[in-house]
Amino acid sequence: MRSGLSRTDIQARIRELVQALFVNIPSGVGSHRKDLKLNREEERRVLKKGAKWAVEKGFGTTEDLDHIEEQGCIEGGDPDSVSERAMERGRAQLGTLGSGNHFVEVGYVAEIFDEAVAQTLGLWKDQVTIIVHTGSRGLGHQVCDDYIRVMMDAARKYRIELPDPQLCCAPVPSPEGKRYLEAMACAANFAFTNRQMITHWVRETFEQVFQKGPKNLKLDLIYDVCHNIAKIEKHTVNGEKKKLCVHRKGATRAFPPNHPDIPLDYQSIGQPVLIPGDMGRCSYVLVGTKGAMEETFGSTCHGAGRVMSRHQAIKAAKGRAIVRELEDRGIIVKGASQGTIVEEISDAYKDVTDVVNVVHHAGISRKVVRLVPMGVIKG
Amino acid sequence: MNKRTLSDAAEAKGVTTIMAEEKIKVQKIDDYRWRVLREGKMRTDGIVYSDEHMFIDIRKDQSLAQVANVAWLPGIVGHSLAMPDIHWGYGFPIGGVAAFDMEEGVISPGGVGYDIN
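Heads up: the protein sequence lines correspond to chains E and R, in order.
Quick note: the first sequence, position 119, residue 484 per our numbering, numbers continuous.
Quick note: the second sequence, position 32, residue 96 per our numbering, numbers continuous.
Possibly wrong hints are sitting among the right ones.
As the list claims (entries may be wrong) - Below 16 Å or equal to it, Euclidean Cα-Cα: the simulated EDC-like pairs (lysine to aspartate or glutamate) are:
| # | chain 1 | residue 1 | chain 2 | residue 2 |
| --- | --- | --- | --- | --- |
| 1 | E | K608 | R | E168 |
| 2 | E | K543 | R | E167 |
| 3 | E | K543 | R | E168 |
| 4 | E | K414 | E | D443 |
| 5 | E | K422 | E | E407 |
| 6 | R | K105 | E | E526 |
| 7 | E | K414 | E | D431 |
| 8 | E | K422 | E | E406 |
| 9 | E | K607 | R | E168 |
Said to hold, decoys possible - Computed far set for chain E versus chain R, every beta-carbon distance over 10 Å:
| # | residue |
| --- | --- |
| 10 | T373 |
| 11 | I375 |
| 12 | A385 |
| 13 | K413 |
| 14 | Q436 |
| 15 | T485 |
| 16 | H565 |
| 17 | P622 |
| 18 | V688 |
| 19 | S702 |
| 20 | I706 |
| 21 | S711 |
As the list claims (entries may be wrong) - Facing chain R, according to a computed beta carbon distance under 8 Å, are these residues of chain E, among others:
| # | residue |
| --- | --- |
| 22 | G542 |
| 23 | A552 |
| 24 | C591 |
| 25 | L609 |
These aren't lab readings, by the way, just hints derived from the structure by calculation.
None of these values were measured; they are calculated from a predicted model.
A virtual CB, placed ideally from N, CA and C, is assigned to each residue, including glycine.
For reference, chain E alone in the conformation it holds in the complex:
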C-alpha cells in the first residue's frame, strides 16, 4: 500500500502506530475482534468469492479488487473439496496475521531505481508504504496436509515414478488433481480475503492514530500477489500458445507490460511484484518483464529466502537483545511473542538485495524502488 504521508509525518509517532496496529490486527487463533464471527455458510462464501466477499462486507473498496492478482478470487474454488477440519481451522483464523514470517511492515521509499515506473505506481521518495504479508493460515495448511495424503495414493494409482515421496502428485485432469485444484483455490481465496481485511484494519488504524480521513491518508493498494500457488495460465511454448499448470512455490508471478491479466493502470509498466525482505533490512517493489514471460513462465523471486532454520536462528540470537538491536537501527518491532521475532532475525535470511539484483540483472523483473522498514508487527 502507498500513502499520502511522508516519513517525517510519522517518525515521531511510529511507536504509537506500531502499538495500535498490534492491538487492531489479531495475530493468532481466536481472533479477538468482536466484529467478525463466521458461520459455516459464510465461510463457504469466503472460499468461493475471495476478496470480493471482504469488500461486500465493507472491508475495502472495489478499486482494491482491481489491484489484486486474479481480482482476489481464483475461479473454480469448491468448498466441498475442503475438509471439515480445514474449514474449522479457518473459521477462527480469518482476519488474523499468523506467526512465522508473517507481518505488517510500515516503511518508506528509500531509493528509486526507475523514476517513470515509480510515478505510475504513485511512489515517491520518503513516502510511507505498508506491506501486509500473510496467507491462508491453518486452512491452507490443512488443505496441503489432506491432499498430500490423497496424492501419495494417487501417485501409486497412476504409477508415477517419484525420486522422493514428497513430490506426490496426480495428473492435472484426474479427479484427485481436480479436487486439489478446487481446494487450493479455496485456500488462496481465504488468503486474499485475509489480507483484504487486514489491509482495511491498517487503514482504520492510520485514521485512528493520525486523526485523518481516507482522503488525506490516501492508503491505496498498489498490488497484492500470491507467492505459493499453482495457476492455469497461457504461455508460448515453441512458438505455440498453450495452457499450462504453473506451480510457484515461494515465487511470484511477474507478467510483462501489455499482459491482459494485469490492471489497466499498469499495462504500460508490467505487473508490480512485491519482495519483502527480512524485518531488519529492506523490501523491494519490482515489475514483471518480457524476459520473465520468455524464460520463467512469467515468474520471479518472492523474498529473501532462509539460510538458517528457525532452530538455528534461535541459537544465533541467544544472548542478544534483538528488539533493542532493531530499535537502534530505527525499526520498532512488536510481536505476539519474543520467539517469533528471534526466529526471524536478519542473519537467518539471505540479503534480499542480493536476491533482487540477480532477478533484475537476469532480466526476469526490474527494480523500481527500495523500501526501508520503520515499524513491524509480527504474529
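Guided by the hints, dock chain R onto chain E, whose structure is given.
Same frame as chain E, now just chain R:
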C-alpha cells in the same frame, strides 16, 4: 512454512525423504544462471537463477537435488526452475517454479506448499 515443522510433519506421517544420492552436476551458464544437468530419469535440465556468491550457499543444502527431482515429473514443460531465494522445502524447493502440460502433466501439493496464498 518453516523447515522444522515441515520435516516434523513428514516424519509424523512416516514419510522418508530420499534425496538424489548422486552428486548433482551443475554448469555455469552466465553470471546469473546455472544449469542442473539432466541425469538419469530427469526429463529436462534445471535452471537456477543465482550469482556466484549466493550459489556457494545454495550448493550446501539439498535444494539443488530438489530442483533435479522436480525434473523427473511427467509432463514438465521447459525447465525445472529455481529463483535466487531458493532453499529446502517439502518435496519441491521453496523458490521453485515448474510448469506442466494440462493433459500429460501433474499437479502436486508439495509444489505449492503449506502456506497457500
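Now the hints, each set against the structure:
A C-alpha spacing of about 12 Å is found between K608(E) and E168(R), which places the hinted pair at or below 16 Å, so the restraint holds. Distance restraint check for K543(E) and E167(R): the Cα-Cα separation of roughly 12 Å lies within the 16 Å cut-off, and the hinted pair is therefore satisfied. Taking the CA atoms of K543(E) and E168(R), the gap is near 14 Å; set against the 16 Å cutoff, the hint holds. Between K414(E) and D443(E), the direct Cα distance comes to roughly 10 Å. Compliance with the 16 Å bound is thereby established for this hinted pair.
For the hint pairing K422(E) with E407(E), the CA-to-CA distance comes to about 11 Å; that is within 16 Å, so the pair holds. Taken as a hint, the K105(R) and E526(E) pair is honoured in the structure, with Cα atoms around 9 Å apart against an allowance of 16 Å. Among the hinted pairs, K414(E) with D431(E) is consistent with the structure: their alpha-carbon atoms are about 14 Å apart, no more than 16 Å. Restraint check for K422(E) and E406(E): the C-alpha separation of about 15 Å stays at or below 16 Å, so the hint holds.
Taking the CA atoms of K607(E) and E168(R), the gap is near 13 Å; set against the 16 Å cutoff, the hint holds. Every Cβ of chain R is farther than 10 Å from the Cβ of T373(E); the closest lies at roughly 33 Å, confirming the non-interface assignment. Its beta-carbon lying about 28 Å from the closest one in chain R, I375(E) satisfies the requirement of being farther than 10 Å from that chain. For A385(E), the shortest C-beta to C-beta distance to chain R comes to about 25 Å, beyond the 10 Å cut-off, and the non-interface label holds.
Against chain R, the non-interface label of K413(E) holds: every CB pair exceeds 10 Å, the least being about 15 Å. Listed as outside the interface, Q436(E) is consistent with that label: its C-beta sits roughly 16 Å from the nearest C-beta of chain R, beyond the 10 Å cut-off. Look at T485(E): its CB is around 25 Å from the nearest CB on chain R, clear of 10 Å, so calling it non-interface holds up. The Cβ of H565(E) lies farther than 10 Å from every Cβ of chain R, with a closest approach of about 18 Å, so its non-interface assignment holds.
For P622(E), the non-interface assignment is confirmed: its Cβ lies about 21 Å from the closest Cβ of chain R, beyond the 10 Å cut-off. Annotated as non-interface, V688(E) keeps its C-beta farther than 10 Å from every C-beta of chain R; the closest such distance is 21 Å. For S702(E), the non-interface assignment is confirmed: its Cβ lies about 15 Å from the closest Cβ of chain R, beyond the 10 Å cut-off. Distance to chain R confirms I706(E) as a non-interface residue, since its nearest Cβ pair spans about 15 Å, more than 10 Å.
At roughly 14 Å from the closest C-beta of chain R, the C-beta of S711(E) stays outside 10 Å, upholding its exclusion from the interface. The beta carbon of G542(E) comes within 4 Å of a beta carbon in chain R, closer than 8 Å, and the hint placing it at the interface holds. Below 8 Å, beta-carbon pairs count as interface contacts, and A552(E) has one with chain R at about 4 Å; its hint therefore holds. Interface restraint check for C591(E): the shortest CB-CB distance to chain R comes to about 6 Å, inside 8 Å, so the restraint holds.
Taking 8 Å as the C-beta contact cut-off toward chain R, the hint placing L609(E) at the interface holds, the least distance being around 4 Å.
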